[in-house]
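J.: Here's the letter readout for the chains.
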Amino acid sequence: MSTTVTSVDAGGTGDIPAHGPVLLVKGLRKSYETDRDIPVRALRGLDFTVSKGEFVAVSGPSGCGKSTLLNVIAGLEVPDEGTVRIGDDEVTGRSEDQLAHLRRRHIGMVFQFYNLLDELSVEQNIALPAMLGGRKRKAAEARARDLLGLLGLADRAGSSPSVLSGGQRQRLAIARALANDPTLLLADEPTGALDSEGSAEIAALFRRLNRDGQTIILVTHDPNVAAQASRVVRMADGAILAEDPESPGNPVSAPSEPVGPAE
Amino acid sequence: MNVVLLLWRTRLRSSWRSAVILVVLIGLGGAVTLAVAAGARRTASANDAILDELNSSDVVTAIPPGQPDAALAALRSLPDVSGAELWIGFTGQTQGIPPAAIPAILGFWSERPGVDRPFLTSGRLPTGRREAFLNQGAADRSGLGVGSKLQLALADQSFSDFKPVEVEIVGIGLFPDTMIEDELTNKVAVWFSRAFTEEHIDRMVYGSARLTLGRGDVPALAAGLAAMRAGSSDNDDDLVIGEVREEDRQRVQKALRPLLWAMAGLALLAGVTTALVATQALGRTLRRRRLDDQSLAAMGCTTRQLVAADLAYAVSVVGGGIVVAVALAVAASPLFPVGPARRFATVTGVHADLVALGLGGLALTTTIVVLAGVASWRRRTRPGTPRPGGAPGLLGSRPASSVGLRLVTGRRGTISTIAGVSTGLAAVVAALTFTGSLDHLVADPALVGMGWDVVGREGYTEVDVAQVRNAVQDDPSVRRISGIGYLDGELNGIITPLAAMEPVVGDPWPPIIAGRAPRSSREIMVGDTTLRALKLRIGDEVDVSVAANLVNDTVPRSETRRFTVVGSAIVPAIGLAGIYTPRLDVGALLPAQAFLEMFGTPPRVDVVLFDLDRHAAAPALIDRFPDGLPDANGNGTEWYTSAVPAEISQAEEARRVIWLAVAALGLAVVATIAHTLLGLVRQRRRDYAVLKALGFTRGQIRSTVLTQSGAILAVALVAALPLGAAAGRWLWTAFAGRIGVIVEPSIPLLLLAGCVLLSILAVQGAALIPATIARRTPAGQALHGE
Chain R
0 MSTTVTSVDA GGTGDIPAHG PVLLVKGLRK SYETDRDIPV RALRGLDFTV SKGEFVAVSG
60 PSGCGKSTLL NVIAGLEVPD EGTVRIGDDE VTGRSEDQLA HLRRRHIGMV FQFYNLLDEL
120 SVEQNIALPA MLGGRKRKAA EARARDLLGL LGLADRAGSS PSVLSGGQRQ RLAIARALAN
180 DPTLLLADEP TGALDSEGSA EIAALFRRLN RDGQTIILVT HDPNVAAQAS RVVRMADGAI
240 LAEDPESPGN PVSAPSEPVG PAE
Chain F
0 MNVVLLLWRT RLRSSWRSAV ILVVLIGLGG AVTLAVAAGA RRTASANDAI LDELNSSDVV
60 TAIPPGQPDA ALAALRSLPD VSGAELWIGF TGQTQGIPPA AIPAILGFWS ERPGVDRPFL
120 TSGRLPTGRR EAFLNQGAAD RSGLGVGSKL QLALADQSFS DFKPVEVEIV GIGLFPDTMI
180 EDELTNKVAV WFSRAFTEEH IDRMVYGSAR LTLGRGDVPA LAAGLAAMRA GSSDNDDDLV
240 IGEVREEDRQ RVQKALRPLL WAMAGLALLA GVTTALVATQ ALGRTLRRRR LDDQSLAAMG
300 CTTRQLVAAD LAYAVSVVGG GIVVAVALAV AASPLFPVGP ARRFATVTGV HADLVALGLG
360 GLALTTTIVV LAGVASWRRR TRPGTPRPGG APGLLGSRPA SSVGLRLVTG RRGTISTIAG
420 VSTGLAAVVA ALTFTGSLDH LVADPALVGM GWDVVGREGY TEVDVAQVRN AVQDDPSVRR
480 ISGIGYLDGE LNGIITPLAA MEPVVGDPWP PIIAGRAPRS SREIMVGDTT LRALKLRIGD
540 EVDVSVAANL VNDTVPRSET RRFTVVGSAI VPAIGLAGIY TPRLDVGALL PAQAFLEMFG
600 TPPRVDVVLF DLDRHAAAPA LIDRFPDGLP DANGNGTEWY TSAVPAEISQ AEEARRVIWL
660 AVAALGLAVV ATIAHTLLGL VRQRRRDYAV LKALGFTRGQ IRSTVLTQSG AILAVALVAA
720 LPLGAAAGRW LWTAFAGRIG VIVEPSIPLL LLAGCVLLSI LAVQGAALIP ATIARRTPAG
780 QALHGE
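Chains as they are written, first to last, in numbering that gives the first Met the number 0: chain R, 0 to 262; chain F, 0 to 785.
Bound conformation, chain F alone:
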């Protein structure tokens, strides 16, 4: 052991410059790896941290209007409830904040809510009678801030009388359920103070009880609530309990998934690239001690002792590099989390994720040291001879290129260089294939379930579909019109977002992933995730019960009716903002005829979708409805001509991370080749001197080096292009399949061609440095001695 220690110290002393370079190299590569890995974990866990920080409600249930104090006291007395707050619901319209039709107008029943605390981004909670708190999304869209005046009209319970109110915005902030918003789920949410709420309690439309669970679970709570309501005189509603925390959590996590995938992929690739480059650099440093080792072997050092000394040196420099990497990763931690959680300052700042840093650092250290140890052992126990030049005829007509190829193919370690470069390039190709597929998805709304061009959404009143049909019957550009009635339903006893599809004009169905559309009133289509969650397959039967509609839940639930699952469709991510948010792969769609048979009346249509001729203009269609879609009260309509679901907009966010990864990997590829060639040129100093002595010109020496870089790149590209494209397609298929859109991977050939061209230019440009060094090799000195 003493010998190994002595050899280790000698190696460190004599190769300290190389050790410093290795520590820096591993430190930087490791920092990217560990920072992104820790950042991905932080991003993934940020939502849970926010939910905990704000004491987000586990469940929400409705309470009837009237006597909120008594209701709150009763809720707080339930044994399974650890915390309870009430939100008093009003209806009405806000002015100057899009979308205008369906604002959530709420009143806090506590001065300082203990459950579902808002996260204040500016200002304070409202306390005065003319003070209000606005959600951040609405403030961003409207330009309103603390101190702004907000005009709104409060409706009475019959929606016939609207009372104008002016309030001052004293606070702006966020709730976890508004973290992931898209065009079709964003909303205006205004909260008033307890004082305002008490003053207008006669206009209360509904109450929302926000509850956190104590020891009990949801069924126990449901039993307690049922018992509480049984003793109440106002108990004609169905008891509906929404497990909002878990639903919100899943919705956010699902929307974050592409970002997390991109970050995990970036961390993995950065780690692999760091390991390969560091292993090569370490191997070169240790190989330079070949002559010393021969002397040591002559003095009696065993192979095991020499390999152990190499390993000790490797552990020292890799350990030093990882310490640097961990320090840099912690310093970079304020860059994370990325994505929507970043708006919540409670999860930002310096943070040391000991699990990610510890495990990541250990994995990197182990990988590099083991690879270096294996290389050291192989070098000593299996000393190879350079490969013969092959058949003499293989010397090409261009001496510089031929020699360059021979030098690079005859070199030990070229395979690992090519493996490293191939890995990096394959990752770049995979990333480009993924983003190309994402572009294709964004460019074709039908792939995300939007097989229509215009969406018209109503708030609280039913759309008269007959009048809609009449209004456009003379318009040949309208190909089909579909109505959606949102329902409160259960499939096999599980609460599921349900929608009745009304064929106003033509086929009402969204794009189908598998199977077919319903042809009878006993057939149903189900979103992919819902299908899996219910353990159903196409052709299976499912029991469905439906309440008449979503907004007014006083209508009794239907009898259970058996349907056959005939297909899996993309459930259009349109809902009633803040109330009902079906996602692409969650929910079920049934024919309006089925609803008619169950209730004797057609479903209430909340959303109307228009599919137009390719050349038709959406604004022209909207102009046909100057007062909005026809309804009983003449309420306004929200119109959308392009709607990107949050899952896709988050994937757009991921694009930045992906491009960062592409840039980092591209740099790593160029640096790896340049670094390899630098080592190769130093190692081959004598060969370049020989070539000069034989009559190679400067240009030919340069060509020899450039041929080597070109050869490494060409072989790496041949391997990387198909592998990367296949990996990108696989990644996209896995991702798209999980978010419930139509899986259509797309390989961006032009982009890949540009990438190949850029990589050739970058690599050959970087190779000019070692080429210049080779060209300047002092031949006279280099040719002296062995």
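Chain R with its partners taken away, still in its complex shape:
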């Protein structure tokens, strides 16, 4: 792979085909060392494809590898085997800095516990990734204000994230994830820390974003949230077990090895 950071920046979403897969995951394997030196196999040869404009919900029991899958797609963790491709850009095999540049362009992430920077104001939390994406400060702040208006947080621009409610914080986290018009919006249990009303609000927001064309991969335990997705992928023990029958055809990858920690 000879793709450079510059080519990632220069290519941008223009390289993403209007139809067809924006994310192609093949043969993904990932193990972790534990304190007792027993590796835990989080992903076991996983294949996975997402087309542009899809809203994919990934569900499954705790520890089945959902979050690891998102982290590997985002380049925050390096797989032991397999490849990840976003549009024309290969995620695997890149240096840390190349991955950082790739994330700026292609990835927006939302977490269960928001992971906002409390030392920055609400607006600055959004402006920061926008600046990283290449916008000048003024343009980044304008982008932040637009997104805050879009998500109903315009009146909280100067506040600290710590004074917002849970729902507001998650909306802010989503706004931050959208700062650079990412190819993929990755959400890891985004409603896990919210009450039912907040969950419904956030789920509706994701649905709305998807209708506007945003490709979303969302990890959730909540069937109500998953129901908002256009496709539901069920995972267990590091592999995809099944897909929602209504979703477009996607190969089901069965575990190729026994379930549980490796000997």
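Among the clues, some could well be false.
[Said to hold, decoys possible] Part of the chain F face toward chain R, derived, beta carbon under 8 Å:
(1) 405
(2) 693
(3) 696
[To be verified] Sample of chain F residues lacking proximity to chain R, with all beta carbon distances greater than 12 Å (derived):
(4) 408
(5) 504
(6) 539
(7) 626
(8) 651
(9) 692
(10) 779
It should be emphasised that the hints constitute simulated quantities derived from the structure, not laboratory data.
Every residue gets a Cβ at the ideal spot worked out from N, C-alpha and C, and that includes glycine.
With chain R fixed as given, assemble chain F onto it according to the hints.
T.: Just chain F now, kept in the frame of chain R:
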């Protein structure tokens, strides 16, 4: 209480690694603090210990030549005398030991002196007729040692006949009065055995009775001595009693003062830095238990119980650290005392100063525990929310720097980090300002009273100033020549070193601190300390009585004459070696004309000072006097072209301690910032993972951390530079004012600029460690969960 004990044990068990680190941290910082504090006390008290050990004489008085046994027996019979010894004084010249002009040549009248015992550094006391004991300073300067032969010439009482003598040096050692020597007060001192002294008793010039006081005081002793002399046929001298022990003690303590100041300052700063760093580290350890504490609070633990458990943990680790510190300080005690007392082995070795170690350890423990307790209480009773990021526009154009600044300014505890770093840096700046001022003082002899370029000193014969004037009258490079005649005098009844200033050519006066120079024969200038001791101010009148000169005290004292104090001057620290040692701020100076009016003759000049044109060479002037300064007997002259008083040379010694302090504080500053950042990076692990998820590159993560260290350092420097410079100036003003030199603080700007640059490099270099840790934060793991 049981709950607190349980919580304390749990904290110790679960945080034992942190506890060990804290014990080591406090142990090392505390060891520096306690060792230096105890060392300063040991250095300060070493002189008294030596005086006691050697049974130093309290007072010295002269006895006339002849019948020393009878004189000694009479002295020992006085009720106020607890011990007495005689030194028999000869005059003469030694060969091969500089300075040559004025050796002290003495004979012990006892085989084993009980008073003023010499401290032997090698060999033994002389017993044979051709054996001698030499003082350490002379041995160091001449290269002579035990077994060396020493040639000398003993003069008769009229200084006309010199008898050559060769002796073997059998012992070398020290007397307390030679502990502090400088170029102008050092001397050659040779002691002979009782056998030699008896053989040459016909050449005895004077006798020196060395007395220790029993129950009585000096006036009682004086009365006893006066009564004793009244019964003697040889009683035409004035009775002069020198309180040598107290004078020597004060002289040594004064010379040691800068060293002691530097050590006390080092101990204080090490203590403050240790307390701040330990408090921070302790706070971080306790904050890491936040989630446990929330669970404990949910189970019903009160805030008081949680704070008490924190305090118990703090007391445990601080107590452990202090025990380590005390042990290390005792182990380091052989490094002290520092300075001249170190030559006396009786005050060296392992020593436990229970007062310094106890009080210092208690102060450190209390400070750290109280600070940690207050922080624990505040954290639990006033849970703060992170500060809002401020106006959105404040996000700068460089995201890494902006985020770094926000992370460091939004962190609780940053203020205490900055306070600690500022304290350390301010101390460094103060130390550099102090040493810069010291450099300035050393570079400009006029500031220490030496407004002349060449000093010529005679021993026992008067300089013919008219011939001196004639010898240089054709030399345009000589700007002025001053003569000094040392006098034995009293101001308001108090014995005071006094000098008559003879204007051989031009103005005779040394640099003036306040007021002006005398313009009439009824005006006098007084050293600063003498002025204070006599409770005088400029403009006051003072009664002065003067004996004709110092060396020959057979001339009757003058009538008391009233003078007006018109100024305070630096009294040049030149005297007759071993006999008369005026110090910079002690003594008084009067015009030679006043002496002339009181006695009808001009004063006898012992020292001549030459002030030369800036481009003139001092050796050329000295070459004009190949046989020394003109005098009646053609005796040799000691020439000095640079003379650093002991007060200043001891300050030079202090420079080492100051630089050690600067280095220790610099390390402490760097360690504090690095330690803070390490804690900050661990505490902010999730934030760094978020930044990575947002697209921060490795370089940007590093910049974020370096911005934090840079910000802490910058704020600390902004506070430390003016504060440190002001503190350094204040310290110098206090110090220079007390040793009686002209107060001219000097801020070494180039050195400070270099120090700032070095601190930036060192801090940023050290910050690369936490920056690397931050860069390697596993983002995927860190972003899971809360």
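J.: Would you mind marking each hint as holding or not holding in the structure?
T.: Right, here's what the structure says about each hint:
1. Taking 8 Å as the C-beta cut-off, the interface hint given for residue 405 of chain F holds, the closest approach to chain R being about 4 Å.
2. Using the Cβ-Cβ criterion of 8 Å, the hint placing residue 693 of chain F at the interface with chain R is satisfied: the shortest such distance is roughly 5 Å.
3. For the restraint placing residue 696 of chain F at the interface with chain R, the shortest Cβ-Cβ distance is roughly 4 Å, inside the 8 Å limit, so the hint holds.
4. For residue 408 of chain F, the requirement that its beta carbon stay farther than 12 Å from each beta carbon of chain R is not met, with the minimum near 7 Å.
5. Under the 12 Å C-beta cut-off, the non-interface status given to residue 504 of chain F relative to chain R holds; the minimum distance is some 75 Å.
6. With 12 Å as the threshold on Cβ separation, the claim that residue 539 of chain F sits away from chain R holds: the shortest Cβ distance comes to roughly 66 Å.
7. Distance check for residue 626 of chain F against chain R: the nearest CB is about 83 Å away, which clears 12 Å, and the non-interface claim stands.
8. The beta carbon of residue 651 of chain F sits about 50 Å from the closest Cβ of chain R, which is more than 12 Å, so the claim that it is off the interface holds.
9. Annotated as non-interface, residue 692 of chain F brings its C-beta within 12 Å of a C-beta of chain R; the closest such distance is 5 Å.
10. Look at residue 779 of chain F: its CB is around 4 Å from the nearest CB on chain R, not clear of 12 Å, so calling it non-interface is violated.
In this structure, the earlier hints numbered 4, 9 and 10 are contradicted, and the remaining ones agree with it.
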